[in-house]
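Protein sequence lines correspond, in order, to chains R and B.
With our numbering applied, the first sequence covers 1 to 560.
With our numbering applied, the second sequence covers 1 to 324.
Be careful, since some hints might not be right.
Unchecked claim - Which stretches of chain R does chain B cover? Using the computed rule of at least three CB atoms under 8 Å from a CB of chain B, they are:
hint : segment
1    : 34–46
2    : 58–72
3    : 121–130
What the hints assert, rightly or not - Just so you have them, the derived chain R footprint on chain B, three or more residues with Cβ under 8 Å:
hint : segment
4    : 91–97
5    : 122–128
6    : 164–176
7    : 197–211
8    : 232–239
If you're looking for bench data, these hints aren't it; they were derived computationally from the structure.
Note that the Cβ used here is the ideal one computed from N, Cα and C, for glycine as well.
Each chain is listed here by its residues.
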Amino acid sequence: MRRHEVVVVGAGLAGQRAALAAVEAGREVAIVSKLHPLRSHSGAAQGGINAAVGAEDSVDTHIYDTVKGSDYLGDQDAIEFFCREAGPTVVEMEHFGTIFSRAPDGSLARRAFGGAGFPRTIYAADRTGLALLQGLWERLGTERFTLYQEWDVTDVVVRDGRVQGLLALDRRRGEFEEIAAKAVVLATGPAGRIYGRTTNAHSCTGDGLAVAYSAGAFLKDMEFVQFHPTALLETSILITEGARGEGGYLRNASGDRFMAKYAPHVLELASRDVVSRAIVTEVQEGRGFSGPYGGYVHLELMHLGQEKVESRLQEICDYCRHFAGIDPVTQPIPVYPAQHYMMGGVGTNSRGETNLPGLYSAGEAACVSIHGANRLGGNSLLETLVFGKQAGVAAAEYAATAPAPAMHATDLEEGTAAFRAWSSRTDGEDPSAIRNEMQQTMDRYVGIYRNEADLLEGLKRIRVLKQRYAKVRVVDQSRVFNLNLIDAIETGHMLDLAEVIVVGAYARTESRGAHYRTDYPKRDDAKWMRHTLAKRTPEGPNLSYAPVGYTRWEPKERVY
Amino acid sequence: MSESTVAAAFDVYRYDPAHDAKPRYQRYTLNLSPHTPVLTALLRIRAEVDPSLALRYSCRSAICGSCAMQINSKSRLACETHIGPEMARHGRIVVEPMRNQPVLRDLVVDQAPFWRQYDRIEPHLRLDPAHPMPEGRPTPMTPEEVDRFKETPRCIACAACFSACPAVEADPEFPGPMALAKLYRFVVDPRDRAHQDRLVRIQPNGLWLCLRCHLCTEACPKDVRPSERIRDLKEMAIAVQGATENGSRHAVGFKENISERGVLNEMRLVRQTYGTVGLVGQLGQGLKIVRKKPEVARKPHPIEGVDELEKIYAALDPEPKEGP
Ligand SMILES: Cc1cc2nc3c(=O)[nH]c(=O)nc-3n(C[C@H](O)[C@H](O)[C@H](O)COP(=O)(O)OP(=O)(O)OC[C@H]3O[C@@H](n4cnc5c(N)ncnc54)[C@H](O)[C@@H]3O)c2cc1C
Ligand code: SF4
Ligand code: SF4
Ligand code: FES
Chain R
1 MRRHEVVVVG AGLAGQRAAL AAVEAGREVA IVSKLHPLRS HSGAAQGGIN
51 AAVGAEDSVD THIYDTVKGS DYLGDQDAIE FFCREAGPTV VEMEHFGTIF
101 SRAPDGSLAR RAFGGAGFPR TIYAADRTGL ALLQGLWERL GTERFTLYQE
151 WDVTDVVVRD GRVQGLLALD RRRGEFEEIA AKAVVLATGP AGRIYGRTTN
201 AHSCTGDGLA VAYSAGAFLK DMEFVQFHPT ALLETSILIT EGARGEGGYL
251 RNASGDRFMA KYAPHVLELA SRDVVSRAIV TEVQEGRGFS GPYGGYVHLE
301 LMHLGQEKVE SRLQEICDYC RHFAGIDPVT QPIPVYPAQH YMMGGVGTNS
351 RGETNLPGLY SAGEAACVSI HGANRLGGNS LLETLVFGKQ AGVAAAEYAA
401 TAPAPAMHAT DLEEGTAAFR AWSSRTDGED PSAIRNEMQQ TMDRYVGIYR
451 NEADLLEGLK RIRVLKQRYA KVRVVDQSRV FNLNLIDAIE TGHMLDLAEV
501 IVVGAYARTE SRGAHYRTDY PKRDDAKWMR HTLAKRTPEG PNLSYAPVGY
551 TRWEPKERVY
Chain B
1 MSESTVAAAF DVYRYDPAHD AKPRYQRYTL NLSPHTPVLT ALLRIRAEVD
51 PSLALRYSCR SAICGSCAMQ INSKSRLACE THIGPEMARH GRIVVEPMRN
101 QPVLRDLVVD QAPFWRQYDR IEPHLRLDPA HPMPEGRPTP MTPEEVDRFK
151 ETPRCIACAA CFSACPAVEA DPEFPGPMAL AKLYRFVVDP RDRAHQDRLV
201 RIQPNGLWLC LRCHLCTEAC PKDVRPSERI RDLKEMAIAV QGATENGSRH
251 AVGFKENISE RGVLNEMRLV RQTYGTVGLV GQLGQGLKIV RKKPEVARKP
301 HPIEGVDELE KIYAALDPEP KEGP
């Protein structure tokens, strides 16, 4: 059996930062990642990372913007800590090797992002995530740790009330193995693939959330799902806010700039949730375009002129040309909202601690919560680094005194019995059919606009899919890189999470941030200014609620 | 949106070392719109026809570097190669694993050789511990310094260049285009304190094995232009060390070769560098290249950018300059 003091699951920004902190604290560390670290989804972030470093900006305004952006569901104590750490975190990343873009005077260049009082988003051209990922990986490379590359974690083993280790599949050999650990940090990133339309990579299947949930950890605020208004129609590849920031128009099929109706003052520059809802309304009410990939509206850049589009919106041009066969200089871009970010996740405090001793989480997989009901652009890259470090420090402290882990000989046998059953079946369903239906169900019934009838229908369908999943079949009999088996494992994870999202959304009879109920269109602070906590039971998720951390920011109506 | 479709025929390399005696090609035919990426087609094959097809992929937007493969014999990202032009040009789409890395299964290769070379160049800033950032400056880098990093940080480590590189094929010790482009990134970083050391240490079995064929630059989906970065490194290496390494002599030979013919003849260059006797030792490499990549020897390629060559002459000509 393999044995380590601290095992970090995931090697995106959050996982790498946690590993670095644990190594620096003197612990023996392993990283388990289903992708090579540099292929983690963090690398896809283009826009930037928030830090109030300019003279005209202040940490207090960053705190205020984040609290307000969260629609008062973010924990104010955690947010205060988070925003204070922002400046030092960015400087540290620069010392690690990240190359940020600079202003003419040599200071860090900053751009404006939605919901921020000042331009405070620091960037590296149009590839901030990649630049951070490279810089951190280069820094981590100077330390000693073990890397399990292309290993998928399938279980967290909990016994005697604390974490004992993990089970994981080595993709290359096709073997499951036990990895004993005193402390485990889950940093497995996004879960966007629960939806069909998502800006997230194929690997974003919420594995860490699902294994934590199965092990008895709380999932927090899962009903809060952020949709990005402008994703390319067929592939849902993200078209950044920059397109609207530079003056792009949104038009419906009659050629109207429909945002005038929904946000008369700021039009296309309204916040993400407002624009997303407007696009869906246009399409639902028959004013959109329609085609084989469903309804859509046009994002137009043509009026900006070739020069501006090609120089300022280079990456958008590339994406349109490469992935949609469209030239935005001369053609409108077909767009529709897509799932983009999960505010919810494994419930933690600002040290990354969960309710299970020895289990920690950070990054998009975790919910501290600083994003509350709605994340601001540029805050999640910062979150991965700030709370990745905290989780690494806390896990290292715990591992320093924790007793040796006790895995049992039967753990592996029991934890993998289902997988063997899938492979030996002679009938049953391929996981991809179940996954596709789950994605369609979530798009249709648990999307941007929600109501009681839809949510009940969604829940019913997800539960039917879970029954079908009980008979899932893996036909690929090879061990090496058996993606059929991995698909089946990931689909099971996502079905569990889908159920938690629907149940949470059904229970929350108010509208807040990204959660919009047409039957309860108002925010209800008296009843709902609290976090949802979901715990697994054999009958499905059991919900309880926890208060929001409060320091000094009175809830106000969230208007921009 | 117009939705005309093409009947796309895929011949996909299939090989599972545990079960198959040798690789085979499997034909799949799908009706798809011409701008469908090859990756999307392969995923449809997995979902609808054959779930046992193995490949690497994640982002589907040319940023994670997972999906490089040989598509109609070129190293490409499957997620950004469209089927329309491939069908129009070749009448079918042959999909094979990358080269220069052993096949694990189907389209999945063992990337260990690629990552080993990445590690070899010590890919991390080597700072002066007492003064991690250059002193006497308000900021660690000026905008002009940041401009030096236009291309290299775009690299997504997809290994398409590594797959395309004849020097890697000929000599597994050659670091390969990506690692050398990465090295360049550290050599031009004003914060790094090991420029000279890096330039000296990359010469044996390194820098000078590059054949300047530019196939890496042609293959790179992110326009990192590794062969140009290698050219820059060669210039800097000469400046640091003078023409002591065999490689620098290679550069001298290179100059004569060019001034005479305006083109590069790899075989002749090897002879000039090592002498006719030394050639015997090096011939292995030359011959390996010629055997595997006949085009390298057969048609000398015209060199782009004559100014670049001028710079190399300048660096070579009078006395070697002091290092940076
Ligand atoms: C298109 C796009 C653009 C974005 N732009 C911005 C932006 O401009 N600014 C901003 O602040 N945020 C942005 N975000 C959000 C931000 O990028 C993510 O929230 C953040 O990068 C997540 O980092 P992470 O470390 O938590 O996860 P990831 O980087 O996704 O890493 C997850 C890791 O977990 C591993 N893993 C997953 N499951 C398993 C398993 N079962 N076993 C082992 N390993 C596993 C993976 O291999 C990977 O290494 C963007 C998101 C998207 C989708
Ligand atoms: S130019 Fe050099 S590094 Fe690039 S492919 Fe040719 S031999 Fe390889
Ligand atoms: S240099 Fe280009 S081809 Fe080579 S690994 Fe980097 S991105 Fe890929
Ligand atoms: S799937 Fe990420 S580069 Fe192609």
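Now the hints, each set against the structure:
no. : hint    : result
1   : 34–46   : holds (count 8)
2   : 58–72   : violated (count 0)
3   : 121–130 : holds (count 4)
4   : 91–97   : violated (count 0)
5   : 122–128 : holds (count 4)
6   : 164–176 : violated (count 0)
7   : 197–211 : violated (count 0)
8   : 232–239 : violated (count 0)
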